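*Asks:* Next come the chains, spelled out residue by residue.
There are 2 protein chains.
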Amino acid sequence: MYGQQGYGQAPQGGISPEIQNWFTMVDKDRSGQINYQELKSALVNGQGEHFSDTACKLMIGMFDPNKTGSIGINEFSQLYYYINQWLGVFKTYDRDQSGGIEENELAQALQQMGFRFSPDFIKFLIQKSDLQNHRVMSVDQFIVVCVQIQRFTEAFRTKDTEQRGMITIGFEEFLNIALNCTT
Amino acid sequence: MYGQQGYGQAPQGGISPEIQNWFTMVDKDRSGQINYQELKSALVNGQGEHFSDTACKLMIGMFDPNKTGSIGINEFSQLYYYINQWLGVFKTYDRDQSGGIEENELAQALQQMGFRFSPDFIKFLIQKSDLQNHRVMSVDQFIVVCVQIQRFTEAFRTKDTEQRGMITIGFEEFLNIALNCTT
Chain D
17 MYGQQGYGQA PQGGISPEIQ NWFTMVDKDR SGQINYQELK SALVNGQGEH FSDTACKLMI
77 GMFDPNKTGS IGINEFSQLY YYINQWLGVF KTYDRDQSGG IEENELAQAL QQMGFRFSPD
137 FIKFLIQKSD LQNHRVMSVD QFIVVCVQIQ RFTEAFRTKD TEQRGMITIG FEEFLNIALN
197 CTT
Chain F
17 MYGQQGYGQA PQGGISPEIQ NWFTMVDKDR SGQINYQELK SALVNGQGEH FSDTACKLMI
77 GMFDPNKTGS IGINEFSQLY YYINQWLGVF KTYDRDQSGG IEENELAQAL QQMGFRFSPD
137 FIKFLIQKSD LQNHRVMSVD QFIVVCVQIQ RFTEAFRTKD TEQRGMITIG FEEFLNIALN
197 CTT
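Protein chains in written order, with this note's numbering: chain D, 17 to 199; chain F, 17 to 199.
Hints listed in this document are in silico derivations from the structure and should not be mistaken for laboratory results.
Predicted model only: the values in this text are computed from it and were never measured.
Check before you lean on any hint, since a few could be wrong.
When chains are identical, the list treats them as one kind, so a pair holds in a single copy or across two.
[Unchecked claim] List of simulated lysine-lysine pairs, BS3-like, C-alpha gap at most 25 Å:
(1) K83 with K107
(2) K83 with K139
(3) K175 with K44
(4) K139 with K44
(5) K107 with K175
(6) K144 with K107
(7) K107 with K44
(8) K83 with K144
(9) K175 with K139
Based on the provided sequences and hints, a complete structural model is requested.
*Replies:* Set out below in structure tokens:
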């Protein structure tokens with residue numbers, strides 16, 4: 017191949033052999049489609065565990081507009097670069113290279129994404145991810161949290177037309193947003 | 017044993033041998049504690065699949081106030097009856113005994129729990145559960161949806177002090193409720 021494929025950069029036309037190989041490896045039942053279980057068995061986080069069901073469903077769902085529950089090679093190709101981008105972001109903030117992001121690292125990451133959350137909220141996010149020790153967030157949990165926060169932000173902004181940082185909302189609508197943004 | 021243990025009824029004092037046997041079976045690593053993976057490997061839904069990670073984390077979390085990620089036999093005993101209660105509710109609404117609840121069955125279940133949702137919202141709940149066919153909800157998904165809706169209802173009511181069915185809420189608070197009520 018000529019040149020170097022940029023980190024997290026989408027491929028320019030066609031499916032690279034690298035992606036093709038990955039796809040074939042992940043598509044265990046040779047259906048030509050990848051579902052979340054297949055994706056899960058291919059992805060391991062810095063804690064030596066497979067990515068969570070939630071993370072895999074979320075990521076498949078992002079490239080599966082018809083909600084079939086699985087994606088073909090073209091969508092996989094996009095997903096592949098998407099995951100690599102997140103891995104890049106994660107590594108930037110995981111300064112001690114521990115494979116997990118800690119409280120201060122997460123606070124910094126979210127701040128640089130433009131969010132101003134209270135220390136309690138950051139603690140809450142970590143606690144929710146690391147049920148046992150309340151200390152670190154793995155890369156798959158980081159992806160889930162970032163995607164959910166982004167989705168909530170968009171949903172919130174749609175309602176917050178005057179940009180007051182406050183919205184008035186009914187119960188079903190509230191439920192709908194909350195359940196729609198989480199997987 | 018004397019008498020018959022009522023369906024979904026909490027045991028009166030002590031741990032029954034039935035619960036003890038279950039606990040020993042589920043606690044594969046003999047740690048004296050059950051985590052969500054152990055629970056998952058013990059529970060199968062009417063579709064012949066294991067309960068989802070989400071359902072198992074949610075249920076462990078309900079009986080794990082210290083957020084250790086696992087529960088002992090006393091909490092397991094409560095969880096055991098709790099799951100049986102949900103199975104009972106599910107079977108009541110699964111009129112055709114298909115092992116899955118369909119749109120009209122779910123609408124009826126939620127209505128009898130006191131919720132008035134639009135048909136679109138019911139469709140959305142089913143779609144979210146059955147990514148492939150948009151038709152049925154399994155028992156573990158049903159438990160997750162009901163628990164989430166209950167939690168959201170409580171969180172919403174706390175804010176909706178005048179019972180207008182509408183609340184005004186800021187972004188972090190909104191995120192906090194949404195992420196807290198979902199697992």
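*Asks:* If a hint holds in the structure, say so; if it does not, say that too.
*Replies:* Structure-based check of each hint:
no.	hint	in the structure
1	K83 with K107	neither (31 Å within a copy, 28 Å between copies)
2	K83 with K139	between (33 Å within a copy, 13 Å between copies)
3	K175 with K44	neither (43 Å within a copy, 48 Å between copies)
4	K139 with K44	neither (39 Å within a copy, 32 Å between copies)
5	K107 with K175	neither (34 Å within a copy, 39 Å between copies)
6	K144 with K107	within (21 Å within a copy, 32 Å between copies)
7	K107 with K44	neither (29 Å within a copy, 35 Å between copies)
8	K83 with K144	between (27 Å within a copy, 9 Å between copies)
9	K175 with K139	between (27 Å within a copy, 23 Å between copies)
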